[in-house]
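*Asks:* The chain contents come next:
Protein chains: 4
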Amino acid sequence: MDFTPSKKTESFRQRLLAFMAEQIEPNEAQYQKENRRLNPDEDWRQWQVPPLVEELKSKAKAAGLWNLFLPDSELGEGLTTLEYAPLAEIMGRSLLAPEVFNCNAPDTGNMEVLYHFGSAEQKKAWLEPLLEGEIRSVFCMTEPDVASSDATNMQATIVADGDEVVVNGRKWWSTGLGHPNAKFAIVMGLTDEAADRHHQHSMVIVPLDSAGVTVERMLPAFGEYDAPYGHGELVFDNVRVPKANIIAGLGKGFQIAQGRLGPGRIHHCMRAIGAAERALELFVTRGQERIAFGKSLLQLGGNMERLADMRIAIDQARLLTFYAAWKIDQVGAMKALKEISAIKVVAPNVLQQVVDETIQLYGGAGMSHDVPLTSLFAVARALRIADGPDAVHRATIAKVELRKQQNKAASREDE
Amino acid sequence: MDFTPSKKTESFRQRLLAFMAEQIEPNEAQYQKENRRLNPDEDWRQWQVPPLVEELKSKAKAAGLWNLFLPDSELGEGLTTLEYAPLAEIMGRSLLAPEVFNCNAPDTGNMEVLYHFGSAEQKKAWLEPLLEGEIRSVFCMTEPDVASSDATNMQATIVADGDEVVVNGRKWWSTGLGHPNAKFAIVMGLTDEAADRHHQHSMVIVPLDSAGVTVERMLPAFGEYDAPYGHGELVFDNVRVPKANIIAGLGKGFQIAQGRLGPGRIHHCMRAIGAAERALELFVTRGQERIAFGKSLLQLGGNMERLADMRIAIDQARLLTFYAAWKIDQVGAMKALKEISAIKVVAPNVLQQVVDETIQLYGGAGMSHDVPLTSLFAVARALRIADGPDAVHRATIAKVELRKQQNKAASREDE
Amino acid sequence: MDFTPSKKTESFRQRLLAFMAEQIEPNEAQYQKENRRLNPDEDWRQWQVPPLVEELKSKAKAAGLWNLFLPDSELGEGLTTLEYAPLAEIMGRSLLAPEVFNCNAPDTGNMEVLYHFGSAEQKKAWLEPLLEGEIRSVFCMTEPDVASSDATNMQATIVADGDEVVVNGRKWWSTGLGHPNAKFAIVMGLTDEAADRHHQHSMVIVPLDSAGVTVERMLPAFGEYDAPYGHGELVFDNVRVPKANIIAGLGKGFQIAQGRLGPGRIHHCMRAIGAAERALELFVTRGQERIAFGKSLLQLGGNMERLADMRIAIDQARLLTFYAAWKIDQVGAMKALKEISAIKVVAPNVLQQVVDETIQLYGGAGMSHDVPLTSLFAVARALRIADGPDAVHRATIAKVELRKQQNKAASREDE
Amino acid sequence: MDFTPSKKTESFRQRLLAFMAEQIEPNEAQYQKENRRLNPDEDWRQWQVPPLVEELKSKAKAAGLWNLFLPDSELGEGLTTLEYAPLAEIMGRSLLAPEVFNCNAPDTGNMEVLYHFGSAEQKKAWLEPLLEGEIRSVFCMTEPDVASSDATNMQATIVADGDEVVVNGRKWWSTGLGHPNAKFAIVMGLTDEAADRHHQHSMVIVPLDSAGVTVERMLPAFGEYDAPYGHGELVFDNVRVPKANIIAGLGKGFQIAQGRLGPGRIHHCMRAIGAAERALELFVTRGQERIAFGKSLLQLGGNMERLADMRIAIDQARLLTFYAAWKIDQVGAMKALKEISAIKVVAPNVLQQVVDETIQLYGGAGMSHDVPLTSLFAVARALRIADGPDAVHRATIAKVELRKQQNKAASREDE
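Protein chains in written order, with our numbering: chain A, -5 to 409; chain B, -5 to 409; chain C, -5 to 409; chain D, -5 to 409.
Treat the hints with care, since some could be wrong.
Claimed, not checked - Just a few of them, taken from the derived set where beta-carbon distance is under 10 Å, the chain A residues facing chain D: (1) 274; (2) 324; (3) 384.
As the list claims (entries may be wrong) - Listed below are several chain D residues computed to face chain B (Cβ distance under 10 Å; list not exhaustive): (4) 295; (5) 296; (6) 297; (7) 298; (8) 299; (9) 300.
To be verified - Quick list of in silico lysine-lysine cross-link-like pairs, DSS-like style, CA-CA up to 27 Å: (10) 289(C) <-> 289(B); (11) 398(D) <-> 289(C); (12) 402(B) <-> 402(C); (13) 393(D) <-> 393(B); (14) 289(C) <-> 393(D); (15) 398(D) <-> 1(A); (16) 402(D) <-> 329(D); (17) 398(B) <-> 1(C); (18) 1(B) <-> 329(C); (19) 289(A) <-> 393(B); (20) 2(D) <-> 398(A); (21) 1(B) <-> 398(C); (22) 402(D) <-> 289(A); (23) 402(D) <-> 53(A); (24) 53(D) <-> 2(D); (25) 1(D) <-> 398(A).
I should point out that these hints are in silico values taken from the structure, not numbers from a laboratory.
In this text, a Cβ means the ideal position worked out from N, Cα and C, and glycines have one as well.
I would like the entire structure built from these sequences, with the hints used as guidance.
*Replies:* Okay, structure coming up:
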């Protein structure tokens, strides 16, 4: 056992920290402010990518801080999940960072899907421009009318018809849908209800300008839209795409989904931890600077205890996520289900808790846009729902634990 | 001891419930939607009161459901704090209701200030139109640059100069500032630093069209603006008003503040409890209707336990608030400090917790504007800060408890 | 609504407080110490009632502080459940008090059973000496081999055979079994499996000296035995008692149980609240007296916040219990199920939490017998299990809540 | 970074697991039962080491599972703190194990003190027989009359007088004092009040048969005595020992204490984690076997969620403890203060929580001695106080965090 980060990680970490300090932090407030100018309930189609973003992307690419998430050593930097995790944390400190480093959701997940399961043509057409940061993409899984935590509820259909497949259905919480560069969606839907539970669904690439695709609206997430990455609702009405757009074959949807979610959840959770570290810094800053009743806020009531508890919670969340990353690297995401579910419960809840306490210390300012706390809160709140709500992950953990103990008991009885 | 509501309360309760069902509930969603059309960071000055609101106000007035909060039996309905509490709960179920029934913050508090401390002229000029619902008002206490939880930090000044007083300072989180009908502010500021701690401050009525008053911006509260009641920031730059605008005399600010906050906190907390009841209904509705893994969400995991815990928490918050209301009626707000502080900690936290759990059951929908949950969350989150943050109230409770036990110990030793 | 205690309650309260201060408090430590002299795992049969107890009982009787729990105005003092509740709180401050005032479990419950359901002969033989405090009794419901939270699991049998009934089975956690004066048990068992769910069980009076009754052992409850009231395990092996010992008829067991538990839970919970108040006083005492790092413990860390939170929690628990008591008085225990379940969850958990925090402030002393904290902890811990574990009560509350909302929804649809 | 345990650890782990299964588990219940036969308030001096213990010690020694805690490769097995941690977890599963493997408190700490700071003579006289398991020892730090969390409160004195030192004072919670083999105490006391804060105290070896040493009583810890390891209270009345008994010189007490506590806390915490794992197994066992309302307890209410949360909490506690162990190995205990404090807060609280939930599932049985849950609870409860209460450790963490952020801010300003 060893907790020293790899030299590779350490080197990237230093460079990332410098880039964050020089390029990201000074620009963030202005960026957030511009993103909020339009009311997304009304006129989200007028959003544009701020020129700053493309500039920063070029700089990140030039600095070699690009596609770090991809384990491939040619297309990415060949970092393992565990090596990448501490870097994801740093990028999670700012809501502006992920797009700049080309690691924002859902593009990383989509790139991984195409990288692992895509055909040569699919890679050429969609993976390459994504890796270059030329286009963006969305992932269509969740549906408004059913509990999407249970995939068997899914109502959208993907049906083969000659050389084409026909997609029908309504999806929402499709992240990044409002981005002007969003060019395609990976859509999951039901293909064969008669197949066994794990082979009923397919995933297919649907260009967003296909006939029958209608973006109905963008969805506020706790008052935030994260423009232009916001989440949207769209309808597929007899949308026809070539059969070649099916990823890995009909009926492979479930298998792809499982593979997609493992490392992606590590990324999400590590970014959440970075966000929590940032909130904690704000907690300390405010706690030291603001004076009431002749003392700094930190010296009042239980605030020092809160600081200790938050420090412990963040450190524990980080270690658990490192452990899950290591497990994925060792045995694959499918055998690390329990560990992945564990961080998926822990990290967003820790972030929400830290942000909530920090808001409390900031008082009114904490609820306003003068500090990024409500944005970080929205990230946490959404993450407790996205990629499986807490309840589903707790159920997974409990089931695995139960099986483990049953096996142990059985092996004892065999003796 | 008796938990039966008074007949008066029961009669108003029935009429209120009917009005809510017939007039408020059917209009709420549309009202909220219209309120969100404008981006308040940008163009809040274009807000207008939806015509619906004035219609509903007329109906409420006609139905005798008007100014129920005011203990006076001529100007209001002569309800005690305890008699009014269960009615405030009902009105708290909808964000549209308070303006309709003329009981929205900060007008109720301002009306009480003028009722108890205002001169005949002040009552004529400001209380009467407020009671009629013809104008709105704001209350200027919190300042951006200091911890307002400690009143001695206050930097705004109110200085007598001949027949006038001069007001200088910056205030924010002035609720209702964006309302087109907002005509005046009650401003609290420092008059005499040399006086003892409880006689340094004054309150003065400042018409919002006075020279030197600048509304700088409206402030989002967790992404919500509650247009047109939103919270704002404004500057007083050598604003001069007649000395007759001072309420109750120079140096009386602290005393008025204490009296103002007692019943007002009961109102806030009871509305929070009503909001929590509404969220709990949504929890049950979603929990029964949505199906995953072959069961209703309520039948999955610990959701039934959560339902029980939330029911208990709400009932306890209600009883504690009734008890505080009763205490105020019996011995006055000044001697019910501990009880008032207790509900101020409990009620908003219960609301926040219930809304958070309900959002979790709604998934993505819960974070959107399709259900009013994020609005209710913002109410809870703001209320944990407004009128004294949790920490200040906990400190009050602990201090009173300590003194009580010291007195008890002392009286034992005397024996 | 009114929170003023009745004059009757107030008068008893003053007298009780005086008796507690003069007679109970000075004797408690010695009493506890003596009770711990014997190791109950080994030699519990040597326990004797300390002479002090009989003396105090006589004094309490003489002072008219006797059988206060019984609503009957001749046999008791005619106090309603709500009137009695604040008195139960006071008696809950000391583990010595309940026997002295003749209100200790399970005797109060048994007396109520006999009072409401007993025949004239049963009253004469068993109720009268209980009311006089001449004998003690036990209640046999819980069984070691099944989840007793589900009454349908019960394995003990009560079968009529001519003029007799035959009792078989094993019971444990029979409180008071070790008391030398324990003369009889009220035993619940299965009579008719074919009957509907609520008419399968019976309750029968079994003298403890009956042939076939074997007391197997006393059970430690978190290291405490509460000698001589301790909990025990006993076996009924073909025990024959006259048919006249059946209470209210065969098959009436369930109905009696329901009636028995309502007021009894109020008593338990109010005593728990009294115990929590006592622990809180110890918290304050220690927090003020003990100095570390130049400050009193109360001034360190979050202890003042803890004090506030505990004060709030206790006050809320008290109000909720008063409310449940009032509900029982108004509509009977059967229609106050939700309220009773609510306090049964809240009060013991509050007590456990307060005691745990107080132990923390006392450090090592808190875990020892130098202060009564571990005894109070054991009371709390046991109470979270006895009379239905938390989980069962939460399930009851959730079910009632669900039904309420369903009815509300149904009545809306009917309109 | 790597989470694979070292081969050495893995090898010991397998052998330990086998020994636990074959030698410890089958004997534990009987051992606990015998330990409870005597009432320690009364007759603790009659305690004897059960013959079984010496047998098992011989077997453990023969199996090479002896003194694993000691980093020395000749006297121990040369395991680092991190390598030892997973083994400590296994030994923590049983209260019988630590003495058998010669790793029980406070002997391990005392052995480390003598190993690192003892003179050759001290090692010969006291360390060697301890390492052989021939004698036991106690550690005298905590005092009844002052808050021992603040070492400057200490009242015991250690004063040089010619060739001797004179020890005066009262100590309690001296673990292992009741053990018949306890031969000496390491006593900490005040030597020079005029010295700086970290050089006022000394540690001295005091044979327990010295004139002036009086063992006054054994102390129950939540009703448990852990006979014969129990905690005791003793008085030093002008006890004279040779100057050669001073460890590392007068005034070195603080320094030794700091070094002593680092690895010792890892051991405590890892054993607590082992105990928590055991409790969790009991939770699952009971949860599966016991049936109520037609379902296993695990399928009822929120028990599966509880299982998940406890699994997460234990895994996080383990990782945090591994991390602290690694930090100690890397930079020494003095620079790992924050990490050590963090696990000291986390591990006992996790254990307490898991045991409390498991007791709830066992119902009455959980509070009795039929399962070892109350013993494990007492371990957890005591550990939250021993070696610094939670509050002190939280304060340490917060202070370190604050300093870290202040340094970061300062270095930013320097740029």
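*Asks:* All the hints need checking, so say for each whether the structure fits it.
*Replies:* Against the structure, the hints come out as follows:
Interface restraint check: residue 274(A) against chain D, minimum CB-CB distance 8 Å, threshold 10 Å, status holds. A least Cβ separation of about 8 Å between residue 324(A) and chain D falls short of the 10 Å threshold, and the interface hint therefore holds. Here the hint on residue 384(A) is kept, as its CB sits about 9 Å from the closest CB of chain D, short of 10 Å. Because the beta carbon of residue 295(D) sits about 5 Å from the nearest beta carbon in chain B, less than 10 Å, this interface hint is met.
At its closest, the beta carbon of residue 296(D) sits 2 Å from a beta carbon of chain B; the interface hint therefore holds under the 10 Å criterion. Here the hint on residue 297(D) is kept, as its CB sits about 8 Å from the closest CB of chain B, short of 10 Å. Taking 10 Å as the C-beta contact cut-off toward chain B, the hint placing residue 298(D) at the interface holds, the least distance being around 7 Å. For residue 299(D), the shortest C-beta to C-beta distance to chain B is roughly 4 Å, which falls under 10 Å, so the interface hint holds.
Here the hint on residue 300(D) is kept, as its CB sits about 8 Å from the closest CB of chain B, short of 10 Å. Straight-line distance between C-alpha atoms of residue 289(C) and residue 289(B) comes to about 56 Å, which puts the hinted pair past the 27 Å bound. Straight-line distance between C-alpha atoms of residue 398(D) and residue 289(C) comes to about 25 Å, which keeps the hinted pair within the 27 Å bound. Restraint check: the Cα-Cα separation between residue 402(B) and residue 402(C) comes to about 49 Å, which exceeds 27 Å; the hinted pair is violated.
The hinted pair formed by residue 393(D) and residue 393(B) meets the criterion: a straight-line CA distance of about 26 Å does not exceed 27 Å. For the suggested pair residue 289(C) and residue 393(D), the alpha carbons sit about 17 Å apart, so the restraint of at most 27 Å is met. As the CA atoms of residue 398(D) and residue 1(A) are separated by approximately 24 Å, the hinted pair is consistent with the 27 Å bound. Only pairs whose Cα atoms come within 27 Å are accepted, and residue 402(D) paired with residue 329(D) is accepted, the gap being roughly 18 Å.
Of the pairs offered as hints, the one joining residue 398(B) and residue 1(C) holds, with about 24 Å between alpha carbons and a cut-off of 27 Å not exceeded. Taking the CA atoms of residue 1(B) and residue 329(C), the gap is about 23 Å. The hint holds against a cut of 27 Å. For a cut-off of 27 Å, the pair hint linking residue 289(A) to residue 393(B) stands: about 17 Å separates their Cα positions. As the CA atoms of residue 2(D) and residue 398(A) are separated by approximately 25 Å, the hinted pair is consistent with the 27 Å bound.
Annotation: proposed proximity of residue 1(B) to residue 398(C) holds, straight-line Cα distance about 24 Å (limit 27 Å). As the CA atoms of residue 402(D) and residue 289(A) are separated by approximately 22 Å, the hinted pair is consistent with the 27 Å bound. Proximity of residue 402(D) to residue 53(A) is assessed by CA-CA distance (about 26 Å); at most 27 Å being required, the pair is judged to hold. For the given pair, residue 53(D) sits about 20 Å from residue 2(D) by alpha-carbon distance, which is consistent with the 27 Å threshold.
Proposed proximity of residue 1(D) and residue 398(A) is supported: the alpha carbons are some 24 Å apart, at most 27 Å.
Comparing the model with each numbered hint stated earlier shows that hints 10 and 12 do not hold.
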